[in-house]
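K.L.:
Please model the complete structure; the sequences and the hints are all you need to start from.
In the order they appear, the protein sequences are chains H and Z. Residue 1 in the UniProt record's numbering sits at position 1 of the first sequence; the count goes up by one each step and never skips. Residue 44 in the UniProt record's numbering sits at position 44 of the second sequence; the count goes up by one each step and never skips.
Read the hints as simulated data drawn from the structure, not as lab findings. Hints are supplied without guarantee of correctness; some may be wrong.
[Claimed, not checked] Stretch by stretch, here's where chain H covers chain Z in the computed footprint (C-beta under 8 Å, at least three residues): (1) 13–23; (2) 59–65.
[As the list claims (entries may be wrong)] Pair ranges (Cβ atoms, derived): (3) H:Val104 / Z:Leu2: 28 to 38 Å; (4) Z:Leu2 / H:Leu183: 25 to 35 Å; (5) H:Ser41 / Z:Trp39: 33 to 43 Å; (6) H:Gln87 / Z:Gln37: 49 to 59 Å.
[Unchecked claim] Under 7 Å between C-beta atoms, here's a sample of chain H residues computed to sit facing chain Z: (7) Ile55; (8) Asn56; (9) Gly70; (10) Pro71; (11) Pro127; (12) Arg142; (13) Leu144; (14) Glu149.
All C-beta atoms, glycine included, are put in the ideal place defined by N, C-alpha and C.
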Amino acid sequence: MLEVRYRTARTLPLGRVEARPAGVAIRPAEAEARFVLRIRSTEGEIAGLPLNRPINTVSGDDRRWIARLGPDEWLIGVPEGEADLLQTSAASDLAGRAHSLVDVSNRNVGIDVEGARADELLNAGCPLDLGEAAFPAGSATRTLLGKAEIVLIRRAGAQPRYRVECWRSFATYVHDFLKEAGLGIGEG
Amino acid sequence: MLLIACPYCGNRPETEFRCGGQAHIARPEQPGALDDQNWSEYLFVRKNPRGVHAERWNHAHGCGRWFNALRDTVTDRFIETYPMGERPRSEQGGATAPAATSDIQSEARA
Ligand SMILES: [Zn+2]
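P.N.:
Structure follows, in structure tokens:
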């Protein structure tokens, strides 16, 4: 019963329709489990995901990833079915160390933005330098898109592939912003 | 856009930051021992210099961390940024920032 309610609560606010302005794919991500981890020391790992990577980088792969957003803060994403598993692993991996692990699966919404000009599209609302030198594959940081706070992750690969993570209440704004930004690519 | 060097993230756009007012203000060790004049100065009186100012900044839409910065209020140029609990390295900082956190009273009056 609990599981049924859990699934019901996780309807996707943006649906599944992909937009493709100027060859950039803007695709709402499927439901994922996400956690915010706060801990002082960066020793060891959690469920096989390393803690000691530099600030503002992401490790893991597309399915299971961990982004270090600050000196003592990480955002973790795993497939929805692994939510319980991650919490169990965390309890044993971080046993005896003061930490907090908060399930923010329902707070966050993901949007994948992929394509040769994805960085141009994001720069319509994101003030970061997304050039190859400043924001290479494997980068991840909290920043802004228009008026909304997002976490921006650049995934592995030569072709620009980004994940935009935002709070659920900002999701329609962020999604519309990206689609509209796509209309302006290549103009002027 | 103005870039601010977060001690943890490096140069980042100013819209990601919030200013937290004057830096290096220490809460008096014995608030009860202060008279009303000194207590109100601790609470309300701040510097408003035309020139170099030591400020607290928060990388609100980034790593979320607080840090200190020396900023010239005339040119809006950031002279340096440094982690909480540390002193500025540059000469300009030495002239305006207090040598120790205990001289809060004189700092407020300056
Ligand atoms: Zn920062």
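K.L.:
Can you confirm whether chain H covers the segment 59–65 of chain Z, using C-beta to C-beta distances below 8 Å and requiring at least three such residues?
P.N.:
Result for this restraint: holds, n = 5.
K.L.:
Tell me if the beta carbons of glutamine 87 of chain H and glutamine 37 of chain Z are separated by a distance inside 49 to 59 Å.
P.N.:
holds (54 Å)
K.L.:
Hint validation: leucine 144 of chain H versus chain Z, beta carbon distance must be below 7 Å. Holds or violated?
P.N.:
holds (5 Å)
K.L.:
Tell me whether the statement that chain H covers the segment 13–23 of chain Z is true, taking a Cβ distance below 8 Å and needing three residues at minimum.
P.N.:
Check passed, 3 qualifying residues.
K.L.:
Quick one, is the glycine 70 of chain H hint okay against chain Z at 7 Å, beta carbons?
P.N.:
Holds. Min distance 4 Å.
K.L.:
Are glutamate 149 of chain H and chain Z close enough, Cβ to Cβ, to be under 7 Å, as the hint says?
P.N.:
At about 5 Å, which falls below the 7 Å cut-off, the nearest Cβ of chain Z leaves the hint on glutamate 149 of chain H intact, so it holds.
K.L.:
Minimum Cβ distance from arginine 142 of chain H to chain Z below 7 Å?
P.N.:
holds (6 Å)
K.L.:
Hint validation: asparagine 56 of chain H versus chain Z, beta carbon distance must be below 7 Å. Holds or violated?
P.N.:
holds (6 Å)
K.L.:
Just tell me: holds or violated, for the beta carbon distance of leucine 2 of chain Z and leucine 183 of chain H against 25 to 35 Å?
P.N.:
holds (29 Å)
K.L.:
Using the nearest Cβ pair, does proline 71 of chain H come within less than 7 Å of chain Z?
P.N.:
Holds: closest Cβ of chain Z sits about 6 Å from proline 71 of chain H, inside 7 Å.
K.L.:
Tell me if isoleucine 55 of chain H is really an interface residue toward chain Z, meaning its C-beta lies closer than 7 Å to one of theirs.
P.N.:
Interface hint status for isoleucine 55 of chain H: holds (5 Å vs cutoff 7 Å).
K.L.:
How does the Cβ-Cβ distance of serine 41 of chain H and tryptophan 39 of chain Z compare with 33 to 43 Å: does it lie in that range?
P.N.:
holds (39 Å)
In this structure, every one of the numbered hints holds.
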